[in-house]
Structure formats: structure tokens, C-alpha cells
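Colleague: Read in order, the letters of the sequence shown are residues 2 to 253 in the numbering used here.
Hints listed in this document are in silico derivations from the structure and should not be mistaken for laboratory results. A couple of the hints might just be wrong.
[As the list claims (entries may be wrong)] In silico BS3-like pairs for lysine-lysine, Cα to Cα no more than 30 Å straight-line:
1) Lys73 to Lys188
2) Lys239 to Lys176
3) Lys136 to Lys208
4) Lys239 to Lys208
5) Lys108 to Lys83
6) Lys73 to Lys112
7) Lys208 to Lys132
8) Lys64 to Lys136
9) Lys112 to Lys83
10) Lys176 to Lys108
11) Lys205 to Lys132
12) Lys136 to Lys176
13) Lys132 to Lys52
14) Lys188 to Lys85
15) Lys136 to Lys175
16) Lys52 to Lys175
17) Lys64 to Lys83
18) Lys239 to Lys132
19) Lys73 to Lys132
20) Lys108 to Lys208
21) Lys52 to Lys136
22) Lys129 to Lys239
23) Lys132 to Lys188
24) Lys239 to Lys64
25) Lys132 to Lys176
26) Lys83 to Lys132
27) Lys208 to Lys85
28) Lys73 to Lys108
29) Lys129 to Lys108
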Amino acid sequence: MKKIITLVLLILFYSVNAQFRSRDVLDRYTDFDDQQFSWGYYLGINYFDMKIHPSNQGLADSKRFLIDVDTKPGFTVGLIGKMKVHDLVDLRLEPSMHFVQRDLLFKNVQKIIDDEIANGIEPTLTEKDVKRNVKSTYLDIPIFINLHGDRWNNTRPYIQTGVSWLVNLQANEKKEQDNADQTFRMKTHNFSYQLEAGIEIYFKRFKMTPSVKGIFFFNNELVADNEGTPPYWAGALKSINSRAFVFSVKFE
């Protein structure tokens, strides 16, 4: 994660520095800002985590969490549609796809296995029951209000905020199988608020924008296990809420 942040900051620093050091101080791509409507696309690296609220089954006697999340970087690709509202205000629609992979580690299950082995009992659970691989593909449809400053040496800072509807195409919500069959289920339809900041950098024929965005889910994504399934997995959780950072480069 630190390497990703460092790389994004370096790209941003050298891009802006190159603009400031340029002897050609004429404004570039000036007609773009005058357009009522415009479009673009972006590519990014995402880092999706989970905010976990465990039940009593997911807590040790010391109240320490027995469930961890192992997050892995993912990939984001999206489109940009912009409508100019004011010289300093834009309305933006930026649909995207987030390809995400996370692992949920159930230490409460590992504790059960260890206790049974220590008591000379054949374990009823296996190592496969300790980890659940949670793959998600989110179709993200956010709408933003974009506030930006004036140009300065062919650069322009901005911030934007908005709300989003996210459809998890790999949620498994409707599947009959649950964690008893190694299937972790999540909600298909989700909602979030999003915050983003970046610097627009103008070139002769296009605009490039390094940016960082935070995504914070409103709703609980957890789907309960079927009746009769031991409370080791979904039963050890009260709720889960995804939260993410997306580092992207936009082209318009």
C-alpha cells in the first residue's frame, strides 16, 4: 500500500513540476473548459478494505477481534461524462468497474480446530474453513459535484463529492449455498458516498488528472448464513461495510 501511494505521489509531483518549469506559459487546451459537455476515461488501482463489527462469536474473551481482513490491490476502469454548470462548478457522472479481491480470516474457527486437536479430538473443521476468499466486481455509478479553482501554469486543483449506487456482480446473495459450502454471501445492491481530490494538468491536445478517491459504503453488506449453519462465519459478524481508496489517472 505504501509503495502504491508513493508511486502516485511521485507521478503527481513530477507532472506538476514539469508544468511549473516549462518556459511555455501559454494556456493549453483552452477550448476544453468552454465546452458544455465533454467526456473522458480513467484507469486506476483500488484498495478495498472492510469495516467489521463482530458478534460475540467473533470476539475473544479479551474483546479482541477474531476476524481479520487481508486486502489486496485491485484494478479500476471507468468513463467520465462532464456537464459545465459554472466556471468553477461541474456536474460529473463517472461510471466504473472495480475488480476486488479480499480474504476474510476466521481465527475463531482456527481456535476451534486447535482446541479439538489439543483434546485429542478429530477436528470437525478444516483449514479451508478458516479463510473465505471474497471476490467482488462492483459496477459503480456515482454522480459528483466538482468544484475547481482557476488555472495556474496549465494546472488546476479540484475537489468533488457525491453519492453512488454499486452493484456487486459477484455477491452470491441469491445462492442457496452458504459458508457450510465455503460460499460467503454479500448484498448485491449497495450505496456509498465518495470524496475525491486531484490536479488537472493541461497538455496541448488533452488533459491528464492524477487523483485519489475515498469510497465509503452506507449499508451493511452481510448476508446471513442459512438456518442450521454453525455461527462460525456470518454468525460471527454483525455487519460489514466496504471502504476503499482509488488512485487513478484520468484522460479527457
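Colleague: Which hint numbers does the structure go against, in order from smallest to largest?
Modeller: 3, 4, 5, 7, 9, 11, 14, 17, 20 and 26
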